[in-house]
Amino acid sequence: MNAWLHAHDGAMRDALAHARRAPFATLFAVAVLALALALPLVGFVVVAGLARITAQFDTDPQMSVFLPLEATPRDRQALERSLRARPGIKRLRVVTKEQALAELQSTEGVRDLLSGLPGNPLPDTLVITPAHAAREAVHALRAELEQLPGVASVQVDTAWVERLEGILGTVRAVVLAVAAMLGVAVVAVTFNTVRLQVLTRAAELDVAALFGATRAWMRRPFLYFGAFQGIAAGLLSIALAAGFVALLARSLPGETAVAALPGRGLAMPWELALTALLAAAGLGWLGAWLSVWEHLGPGRRAHR
Amino acid sequence: MAASISFADVSKRYPGGVAGAAAALDHASFDIAAGEFVYLTGHSGAGKSTVFRLLAAIERPTAGTVLVNQQNVGRLSPAAVPFLRRKLGLVLQDQRLLFDRTVFDNVSLPLAVAGVPPRDAAKRARAALDKVGLLGRERANPIALSGGEQQRVCIARAVVNRPVLLLADEPTANLDAEYAGVILELFRAFHDVGVTVVLATHDAALIARYPARSIALAQGRVVR
Chain A
1 MNAWLHAHDG AMRDALAHAR RAPFATLFAV AVLALALALP LVGFVVVAGL
51 ARITAQFDTD PQMSVFLPLE ATPRDRQALE RSLRARPGIK RLRVVTKEQA
101 LAELQSTEGV RDLLSGLPGN PLPDTLVITP AHAAREAVHA LRAELEQLPG
151 VASVQVDTAW VERLEGILGT VRAVVLAVAA MLGVAVVAVT FNTVRLQVLT
201 RAAELDVAAL FGATRAWMRR PFLYFGAFQG IAAGLLSIAL AAGFVALLAR
251 SLPGETAVAA LPGRGLAMPW ELALTALLAA AGLGWLGAWL SVWEHLGPGR
301 RAHR
Chain B
1001 MAASISFADV SKRYPGGVAG AAAALDHASF DIAAGEFVYL TGHSGAGKST
1051 VFRLLAAIER PTAGTVLVNQ QNVGRLSPAA VPFLRRKLGL VLQDQRLLFD
1101 RTVFDNVSLP LAVAGVPPRD AAKRARAALD KVGLLGRERA NPIALSGGEQ
1151 QRVCIARAVV NRPVLLLADE PTANLDAEYA GVILELFRAF HDVGVTVVLA
1201 THDAALIARY PARSIALAQG RVVR
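Sequences listed follow chains A and B, in order. Be aware that the first sequence starts at 1, since it is given in my numbering, and climbs by one per residue. Be aware that the second sequence starts at 1001, since it is given in my numbering, and climbs by one per residue.
Careful, some of the hints might be misleading.
Unchecked claim - Below, computed lysine to any residue pairings styled on SDA-like, alpha-carbon distance capped at 25 Å: (1) K1123(B) x W4(A); (2) K1087(B) x A3(A); (3) K1123(B) x E144(A); (4) K1087(B) x L83(A); (5) K1087(B) x L296(A); (6) K1087(B) x N2(A); (7) K1123(B) x G10(A); (8) K97(A) x L83(A); (9) K1123(B) x F1104(B); (10) K1123(B) x A17(A); (11) K90(A) x R13(A); (12) K1123(B) x A7(A).
It is worth saying that the hints were derived from the structure and are not from the lab.
Can you build the whole structure from these sequences, using the hints too?
Written out as structure tokens, the structure reads:
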């Protein structure tokens, strides 16, 4: 166990020592990786902010249950009682035909049009907010209500919510695709950085192999280097993204900015920051692993 | 514990060699007892370095059997080779010193490879440098040392891991007679504490000054 710990401790020190020996090359690589990671990170923060803003809106779908024109107040009250007793209905508001007409008459230009009609052309309406906003649940409820006696028709008003969710979903998918592409770029940059390191240290690796270094011993410092470089790039990208988002939020109107930012006015949710850091470390490690597999793998005659 | 060596009808041909050209080793057979001091002699191209490359499992024999302590090193799995090499002390003809590292780093490399804790490694590296008379030069860069001192760094690196078998390929080449004598005294000192030493040289004067059994090679064959 001690030997294992010493081996890993030595590999970590070796990785850090190599970074210190080439500070500018290391910093440059970290900066490039940080920029690549910051872009999707900003995208994720913006998408999360948009989702929080839209959550502030009353996005609950509503249904209008229209009664027949000839329905009496008693019919309406009976249907209202029946609906209130049903599960799956969160709120219910009654709009009588008289209230509907009065509301319509208050609309400029419509009053004259209505005065020409022989009577009130509007039905009694029960406006319902379903308990479950999911699309399938809403449509199932609509089908059930349409079957009830005393109901003329049911209209669902969810189109705009679905459109908004669709736009958000598309933006989220684009951000994910960009993140995936830039993740591949991070792996490629790390692969190349580690490849150059292996070439630079070829003489040392040859000597180490002659004195009994295992392939794992030779690979380990490069793997740690890849992971450390990823962590450094991850931290820098979080700082860059947080700074950018804070500037962006400052340009929004006050209430919108507060709504867009997560709790306590932080520009970056800690869960997202932690995920970004772990992903950066993982991508760095993966790039290094692919590189050492290619250059120090079992198929290589060098470093025997 | 010292190591015994046995070569039984060993041949080695390198891939890509000219068809019909002589093998680097051609049906070579010899034994070296544990704790013995042996010279491996012959001109350049006689096969001395190939013997060392086979013993360290850098190459595998084309035919025949190479045993170190009854272990067939020609049939070792790649994963087992590093553990064989940790029992060997190698002094290479081309030295292979790392000139971007200090003397101390060069000498302690085999200990780092073997997973020796840094504090113990530092003690052992200093002790090895003390044995070769270079204590106090550990922070120097090998490029700043003389040829004889560089060779002593190689010897310190070879013995720091307490090998059971010390293989030295032309360790006195390019050194004057006085320095060559100092280097040879070092090998004899390690032999005196029980280490098997195989020393390749074509310096007949040196062998005459410090006599021991010789195995002579010529064109890959054992001739004496």
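Results of checking the hints against the structure:
1. Restraint check for K1123(B) and W4(A): the C-alpha separation of about 20 Å stays at or below 25 Å, so the hint holds.
2. Using a Cα cut-off of 25 Å, the hinted pair K1087(B) and A3(A) holds, with the two alpha carbons roughly 17 Å apart.
3. Proximity of K1123(B) to E144(A) is assessed by CA-CA distance (about 86 Å); at most 25 Å being required, the pair is judged violated.
4. Pair hint K1087(B) plus L83(A) does not hold up; C-alpha atoms about 88 Å apart against a cutoff of 25 Å.
5. Distance check on the hinted pair: K1087(B) and L296(A) sit about 23 Å apart at the alpha-carbon level, within 25 Å; holds.
6. At most 25 Å may separate the alpha-carbon atoms for a hinted pair to count; K1087(B) and N2(A) meet this at roughly 21 Å.
7. The straight-line distance between the Cα atoms of K1123(B) and G10(A) is roughly 17 Å, inside the 25 Å bound, and the hint therefore holds.
8. The straight-line distance between the Cα atoms of K97(A) and L83(A) is roughly 18 Å, inside the 25 Å bound, and the hint therefore holds.
9. For the hint pairing K1123(B) with F1104(B), the CA-to-CA distance comes to about 11 Å; that is within 25 Å, so the pair holds.
10. With a C-alpha separation of about 22 Å, the suggested pairing of K1123(B) with A17(A) holds against the 25 Å cut-off.
11. A threshold of 25 Å between alpha carbons decides the hint, and for K90(A) with R13(A) the separation of about 62 Å lies outside it, so the pair is violated.
12. The hinted pair formed by K1123(B) and A7(A) meets the criterion: a straight-line CA distance of about 18 Å does not exceed 25 Å.
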